[in-house]
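**Student:** Construct the entire structure; sequences and hints are all you get.
4 protein chains.
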Amino acid sequence: MKKGLALIVKAGREFGLPTVVEILDPADVPRYEDAGVACFQVGEPNSKNQALLNRLRATPLPVVHKRGNSLDTEAYLLWVERIMTAGKENVILCERGITSPNRYTRNTLDVGSIAAFHYQLSGLPVAVDASHATGIRDLVHPATLAGIMAGASVVLVEAHPNPLIAKSDGHQGLFPEQLRVLVRAAEETWRLRRELDRAYLSSAAIEKEYLARMDADRARYFGRR
Amino acid sequence: MKKGLALIVKAGREFGLPTVVEILDPADVPRYEDAGVACFQVGEPNSKNQALLNRLRATPLPVVHKRGNSLDTEAYLLWVERIMTAGKENVILCERGITSPNRYTRNTLDVGSIAAFHYQLSGLPVAVDASHATGIRDLVHPATLAGIMAGASVVLVEAHPNPLIAKSDGHQGLFPEQLRVLVRAAEETWRLRRELDRAYLSSAAIEKEYLARMDADRARYFGRR
Amino acid sequence: MKKGLALIVKAGREFGLPTVVEILDPADVPRYEDAGVACFQVGEPNSKNQALLNRLRATPLPVVHKRGNSLDTEAYLLWVERIMTAGKENVILCERGITSPNRYTRNTLDVGSIAAFHYQLSGLPVAVDASHATGIRDLVHPATLAGIMAGASVVLVEAHPNPLIAKSDGHQGLFPEQLRVLVRAAEETWRLRRELDRAYLSSAAIEKEYLARMDADRARYFGRR
Amino acid sequence: MKKGLALIVKAGREFGLPTVVEILDPADVPRYEDAGVACFQVGEPNSKNQALLNRLRATPLPVVHKRGNSLDTEAYLLWVERIMTAGKENVILCERGITSPNRYTRNTLDVGSIAAFHYQLSGLPVAVDASHATGIRDLVHPATLAGIMAGASVVLVEAHPNPLIAKSDGHQGLFPEQLRVLVRAAEETWRLRRELDRAYLSSAAIEKEYLARMDADRARYFGRR
Chain A
0 MKKGLALIVK
10 AGREFGLPTV
20 VEILDPADVP
30 RYEDAGVACF
40 QVGEPNSKNQ
50 ALLNRLRATP
60 LPVVHKRGNS
70 LDTEAYLLWV
80 ERIMTAGKEN
90 VILCERGITS
100 PNRYTRNTLD
110 VGSIAAFHYQ
120 LSGLPVAVDA
130 SHATGIRDLV
140 HPATLAGIMA
150 GASVVLVEAH
160 PNPLIAKSDG
170 HQGLFPEQLR
180 VLVRAAEETW
190 RLRRELDRAY
200 LSSAAIEKEY
210 LARMDADRAR
220 YFGRR
Chain B
0 MKKGLALIVK
10 AGREFGLPTV
20 VEILDPADVP
30 RYEDAGVACF
40 QVGEPNSKNQ
50 ALLNRLRATP
60 LPVVHKRGNS
70 LDTEAYLLWV
80 ERIMTAGKEN
90 VILCERGITS
100 PNRYTRNTLD
110 VGSIAAFHYQ
120 LSGLPVAVDA
130 SHATGIRDLV
140 HPATLAGIMA
150 GASVVLVEAH
160 PNPLIAKSDG
170 HQGLFPEQLR
180 VLVRAAEETW
190 RLRRELDRAY
200 LSSAAIEKEY
210 LARMDADRAR
220 YFGRR
Chain C
0 MKKGLALIVK
10 AGREFGLPTV
20 VEILDPADVP
30 RYEDAGVACF
40 QVGEPNSKNQ
50 ALLNRLRATP
60 LPVVHKRGNS
70 LDTEAYLLWV
80 ERIMTAGKEN
90 VILCERGITS
100 PNRYTRNTLD
110 VGSIAAFHYQ
120 LSGLPVAVDA
130 SHATGIRDLV
140 HPATLAGIMA
150 GASVVLVEAH
160 PNPLIAKSDG
170 HQGLFPEQLR
180 VLVRAAEETW
190 RLRRELDRAY
200 LSSAAIEKEY
210 LARMDADRAR
220 YFGRR
Chain D
0 MKKGLALIVK
10 AGREFGLPTV
20 VEILDPADVP
30 RYEDAGVACF
40 QVGEPNSKNQ
50 ALLNRLRATP
60 LPVVHKRGNS
70 LDTEAYLLWV
80 ERIMTAGKEN
90 VILCERGITS
100 PNRYTRNTLD
110 VGSIAAFHYQ
120 LSGLPVAVDA
130 SHATGIRDLV
140 HPATLAGIMA
150 GASVVLVEAH
160 PNPLIAKSDG
170 HQGLFPEQLR
180 VLVRAAEETW
190 RLRRELDRAY
200 LSSAAIEKEY
210 LARMDADRAR
220 YFGRR
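These protein sequences, in sequence, are chains A, B, C and D. Numbering of the first sequence is given in numbering that gives the first Met the number 0, commencing with residue 0 and proceeding in unit increments. Numbering of the second sequence is given in numbering that gives the first Met the number 0, commencing with residue 0 and proceeding in unit increments. Numbering of the third sequence is given in numbering that gives the first Met the number 0, commencing with residue 0 and proceeding in unit increments. Numbering of the fourth sequence is given in numbering that gives the first Met the number 0, commencing with residue 0 and proceeding in unit increments.
By construction, these hints were calculated from the structure, which means they are not laboratory data. Where is the CB? At the ideal position from N, CA and C, for every residue including glycine. Hints may contain errors.
Said to hold, decoys possible - What follows is a list of derived Cβ distance ranges for each label pair:
hint, chain 1, residue 1, chain 2, residue 2, range
1, D, Val182, B, Glu21, 51 to 57 Å
2, C, Glu21, B, Gly122, 32 to 38 Å
3, D, Asn161, B, Ser167, 40 to 46 Å
4, A, Glu73, D, Lys9, 38 to 44 Å
5, B, Asp196, D, Lys166, 52 to 58 Å
6, C, Glu21, B, Asp33, 27 to 33 Å
7, B, Glu21, C, Pro17, 34 to 40 Å
8, B, Asp168, A, Leu77, 24 to 30 Å
9, C, Asp33, D, Ile205, 39 to 45 Å
10, C, Gln119, D, Lys2, 39 to 45 Å
11, D, Pro160, A, Pro59, 44 to 50 Å
Claimed, not checked - Quick list of in silico lysine to any residue cross-link-like pairs, SDA-like style, CA-CA up to 20 Å:
hint, chain 1, residue 1, chain 2, residue 2
12, D, Lys166, C, Met213
13, D, Lys9, D, Gly35
14, C, Lys207, D, Arg179
15, B, Lys207, A, Leu178
16, C, Lys207, D, Gly169
17, D, Lys207, C, Asp137
18, A, Lys2, A, Val20
19, A, Lys87, A, Ser121
20, B, Lys207, A, Ile164
21, B, Lys1, B, Val36
22, B, Lys166, C, Leu77
23, D, Lys207, C, Arg179
24, B, Lys166, A, Asp214
25, B, Lys166, B, Met0
26, B, Lys166, A, Ser202
27, C, Lys207, D, Leu163
28, C, Lys207, D, Ala158
29, D, Lys207, C, Pro175
30, C, Lys207, D, Ala165
31, D, Lys166, C, Leu210
32, D, Lys87, D, Val19
33, D, Lys207, C, Ala165
34, A, Lys1, A, Ala26
35, C, Lys166, D, Leu210
36, B, Lys2, B, Arg12
37, C, Lys1, C, Leu23
38, D, Lys87, D, Leu123
39, A, Lys207, B, Pro160
40, B, Lys207, A, Gly169
**Tutor:** Encoded structure:
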């Protein structure tokens with residue numbers, strides 16, 4: 000493993016790309032840190048792995064914490080807090096699909112929760128992983144753009160030089176041509192969302208005025224209390 | 000009821016807006032048609048109402064058929080086909096949220112299925128109803144835009160002159176100011192999606208080339224069969 | 000249809016069996032009543048069919064109302080109340096499986112809700128339909144007995160002279176030999192449950208004593224307030 | 000921790016009871032083994048914890064592996080196999096409730112899967128944990144008996160000298176009086192199930208005869224092929 004790690008980190012540096020690794024065992028944390036990886040990822044199966052999350056409190060590296068596929072919006076944030084309780088702040092939320100009556104897609108991409116994370120519940124960056132969420136190559140493009148529009152500012156996407164011969168998750172891996180098109184589309188979608196966000200009007204900004212009007216109406220009709 | 004219907008239709012005509020009514024009982028179909036409504040809506044609770052869907056085969060009016068909240072992507076399309084079996088074609092699909100482990104949002108907006116309807120399974124227009132899908136006023140804006148980006152070309156949204164005093168579904172109703180902002184944002188998102196759709200690359204368009212390359216490799220290494 | 004109905008009712012009378020029919024259209028109610036059927040069934044797809052439920056308020060016949068597969072325990076009871084609001088009381092609850100992450104069984108039999116209906120929320124009889132809940136012939140027997148043990152006093156089960164050639168739902172239909180064994184097992188399970196129910200101890204019956212003890216402890220240690 | 004462990008093991012030995020501990024970190028396995036615990040438990044949050052399951056391959060102690068609340072029947076068995084791949088056999092399956100549209104109960108007890116484990120898919124013993132499955136004290140009794148009737152031969156149940164002041168999971172903890180009644184009821188239910196199991200008739204035992212009859216019919220009507 001050590002040798003493989005070194006190769007990946009070296010390749011990443013050659014192309015100026017950060018290296019993200021999925022961490023499975025708390026005991027492996029220092030090994031990865033020493034190897035020079037740039038970021039940890041907690042995979043969906045370990046979303047509620049207490050020992051692992053506790054151990055990650057102490058790493059200075061950023062952590063992408065994937066949402067467990069059975070976790071409610073807020074319950075997920077409580078698991079994320081487990082990493083952050085001692086002061087760690089560089090954590091990235093990740094919506095990668097939850098269970099539902101759906102059979103057609105592998106999971107169900109929950110853009111409502113992406114929106115809730117970004118517009119209501121959290122200040123952390125939100126990633127969308129439409130590859131695992133849909134499990135279908137041709138849906139990754141539109142579902143990724145939907146995730147950005149809902150509030151994501153990070154995109155996780157699987158691609159392969161030839162996904163038809165990929166050892167794992169080939170059905171959801173993009174062809175290089177598709178990746179190129181998606182990257183450009185994601186950039187334009189991101190630009191539009193940032194622009195539209197300037198006009199976004201939360202209820203908190205206008206409710207007060209309506210409440211005042213209702214108070215005034217009540218006073219007019221029933222007299223002031 | 001007859002009088003109320005006439006008033007709504009009249010109001011619609013005055014403002015040049017089509018009138019959509021939710022139909023509950025097969026026996027009411029001619030009554031609504033005669034009153035001059037422009038479009039029928041099958042609500043979520045009646046998504047699998049056999050008698051109602053059978054009856055709607057014979058109406059010339061368009062029908063918005065909301066997806067039942069427990070229906071898989073393809074199972075839903077089979078229920079939609081029930082309306083279409085005798086040749087009816089003016090049907091609009093509608094994703095309004097399905098069940099999931101989520102508690103925070105009222106339902107879970109399934110953009111993966113919107114993408115599947117539009118990019119893979121159907122030629123029918125797809126509506127997104129983010130009001131029922133999220134049940135939370137402040138999430139309707141981003142979730143609607145996500146739905147458009149995923150493949151929707153129709154938007155259903157609830158608004159109210161003052162949702163704080165609405166008789167029903169007030170938590171998800173937009174303030175008029177929010178509706179105005181959303182309409183403009185939806186138009187810009189729609190413009191971007193139509194533009195990006197021109198570059199969308201389906202696997203069918205490139206798989207053949209990869210398969211040919213794999214065949215050539217096999218022939219080179221193992222000899223032609 | 001009229002002729003078929005008459006045949007079924009006649010057959011039922013010959014063997015001293017009540018006739019249950021699934022009702023789909025509110026307009027059909029009097030037709031079935033006049034034909035002499037003994038009981039209506041509202042199928043799962045119509046569990047939230049407002050027009051049908053409203054119409055059934057007026058029938059003197061008992062109604063088996065199947066739970067919709069996306070309905071929470073209490074939400075289902077609110078739909079059942081729709082039939083009962085004008086005073087109708089002869090309604091039978093029916094748990095026939097809900098959606099879940101399960102793929103193996105057709106639906107997921109929710110015995111926790113059966114227990115809640117019987118021991119906490121309702122005085123109505125509860126039916127268990129393990130045929131639709133599991134969709135697998137060999138699981139119908141144990142799942143039915145589980146339903147009885149959880150609180151059901153009515154059993155719905157599909158059988159066929161030869162389920163291998165059944166026109167519908169053959170995978171879940173019992174062979175006659177299996178039906179015979181299940182009926183006997185259900186009777187013995189029912190006998191045991193009624194016996195055990197005499198010893199069942201609800202929290203309401205003992206909580207008071209524990210609360211009194213806690214009050215006494217508090218008084219002893221901190222003085223009476 | 001070491002001191003607490005020793006106390007629990009000592010208490011267990013005094014009363015002739017085996018000690019089960021929930022294991023969270025692979026690194027803790029030898030510590031628990033050395034302390035003399037009798038059995039490991041993998042909790043629901045760690046049902047898909049790869050590093051932990053891999054490590055448990057090497058323990059001689061039995062392992063209760065709780066099913067993840069988003070796992071399909073068969074998908075769960077694949078995770079269980081992870082512990083068993085090197086030859087370990089003393090593993091106990093455990094159904095403790097899965098996600099569903101239910102809000103009333105904490106989870107949804109899946110007796111259909113218990114039946115599938117016992118009657119179709121596995122030779123391992125199956126435990127039912129109705130405390131976590133329902134989360135409601137008064138439903139634990141009927142849901143436990145339902146689990147036994149469905150195929151469970153092991154029962155997990157939470158109790159407390161006074162659950163009203165329990166530090167954790169008090170809503171689902173039984174009062175001692177309720178525990179006593181449940182134990183007796185479970186024994187009688189178990190006795191009945193073992194008796195009824197002798198008459199249980201699987202399709203495999205009778206299908207052949209029906210298939211032969213169908214072949215004979217075909218030959219009679221259409222001639223032998």
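**Student:** Each hint should be assessed against the structure and marked as holding or not.
**Tutor:** Hints, one by one, checked against the model:
1. Val182(D) with Glu21(B): 51 to 57 Å: Between Val182(D) and Glu21(B), where Cβ atoms are some 53 Å apart, the hint holds.
2. Glu21(C) with Gly122(B): 32 to 38 Å: 33 Å, holds
3. Asn161(D) with Ser167(B): 40 to 46 Å: Holds, since Asn161(D) and Ser167(B) (Cβ atoms, about 45 Å apart) stay within the stated range.
4. Glu73(A) with Lys9(D): 38 to 44 Å: 41 Å, holds
5. Asp196(B) with Lys166(D): 52 to 58 Å: Holds, at about 57 Å.
6. Glu21(C) with Asp33(B): 27 to 33 Å: Given about 31 Å between the Cβ atoms, the range holds.
7. Glu21(B) with Pro17(C): 34 to 40 Å: Once the Cβ atoms are compared, 36 Å apart, the range 34 to 40 Å for Pro17(C) and Glu21(B) holds.
8. Asp168(B) with Leu77(A): 24 to 30 Å: 29 Å, holds
9. Asp33(C) with Ile205(D): 39 to 45 Å: 41 Å, holds
10. Gln119(C) with Lys2(D): 39 to 45 Å: 42 Å, holds
11. Pro160(D) with Pro59(A): 44 to 50 Å: 46 Å, holds
12. Lys166(D) with Met213(C): Satisfied, since the Cα-Cα distance of roughly 15 Å is no more than 20 Å.
13. Lys9(D) with Gly35(D): 9 Å, holds
14. Lys207(C) with Arg179(D): 19 Å, holds
15. Lys207(B) with Leu178(A): 17 Å, holds
16. Lys207(C) with Gly169(D): 16 Å, holds
17. Lys207(D) with Asp137(C): The given pair, whose Cα atoms are some 15 Å apart, holds under the 20 Å limit.
18. Lys2(A) with Val20(A): The given pair, whose Cα atoms are some 14 Å apart, holds under the 20 Å limit.
19. Lys87(A) with Ser121(A): Given that 20 Å is the threshold and the Cα spacing comes to 15 Å, the pair holds.
20. Lys207(B) with Ile164(A): 14 Å, holds
21. Lys1(B) with Val36(B): 12 Å, holds
22. Lys166(B) with Leu77(C): 19 Å, holds
23. Lys207(D) with Arg179(C): Holds, at about 19 Å.
24. Lys166(B) with Asp214(A): Status holds; Cα separation ~18 Å.
25. Lys166(B) with Met0(B): Holds. Lys166(B) to Met0(B) sits at ~18 Å (cutoff 20 Å).
26. Lys166(B) with Ser202(A): Within the cut-off at roughly 19 Å; holds.
27. Lys207(C) with Leu163(D): The given pair, whose Cα atoms are some 11 Å apart, holds under the 20 Å limit.
28. Lys207(C) with Ala158(D): Between Lys207(C) and Ala158(D) the Cα gap is close to 18 Å, so the pair holds against 20 Å.
29. Lys207(D) with Pro175(C): Given pair Lys207(D), Pro175(C) holds - Cα atoms ~14 Å apart, limit 20 Å.
30. Lys207(C) with Ala165(D): OK: Lys207(C) and Ala165(D) at ~16 Å, within 20 Å.
31. Lys166(D) with Leu210(C): 16 Å, holds
32. Lys87(D) with Val19(D): Since the Cα atoms of Lys87(D) and Val19(D) sit roughly 18 Å apart, the hinted pair holds (cutoff 20 Å).
33. Lys207(D) with Ala165(C): Holds - the C-alpha atoms of Ala165(C) and Lys207(D) are around 16 Å apart, at most 20 Å.
34. Lys1(A) with Ala26(A): 14 Å, holds
35. Lys166(C) with Leu210(D): 16 Å, holds
36. Lys2(B) with Arg12(B): 15 Å, holds
37. Lys1(C) with Leu23(C): The given pair, whose Cα atoms are some 15 Å apart, holds under the 20 Å limit.
38. Lys87(D) with Leu123(D): 12 Å, holds
39. Lys207(A) with Pro160(B): Satisfied, since the Cα-Cα distance of roughly 15 Å is no more than 20 Å.
40. Lys207(B) with Gly169(A): Measuring from Cα to Cα gives roughly 16 Å; hence the hint holds.
Violated hints: none; the structure is consistent with every hint.
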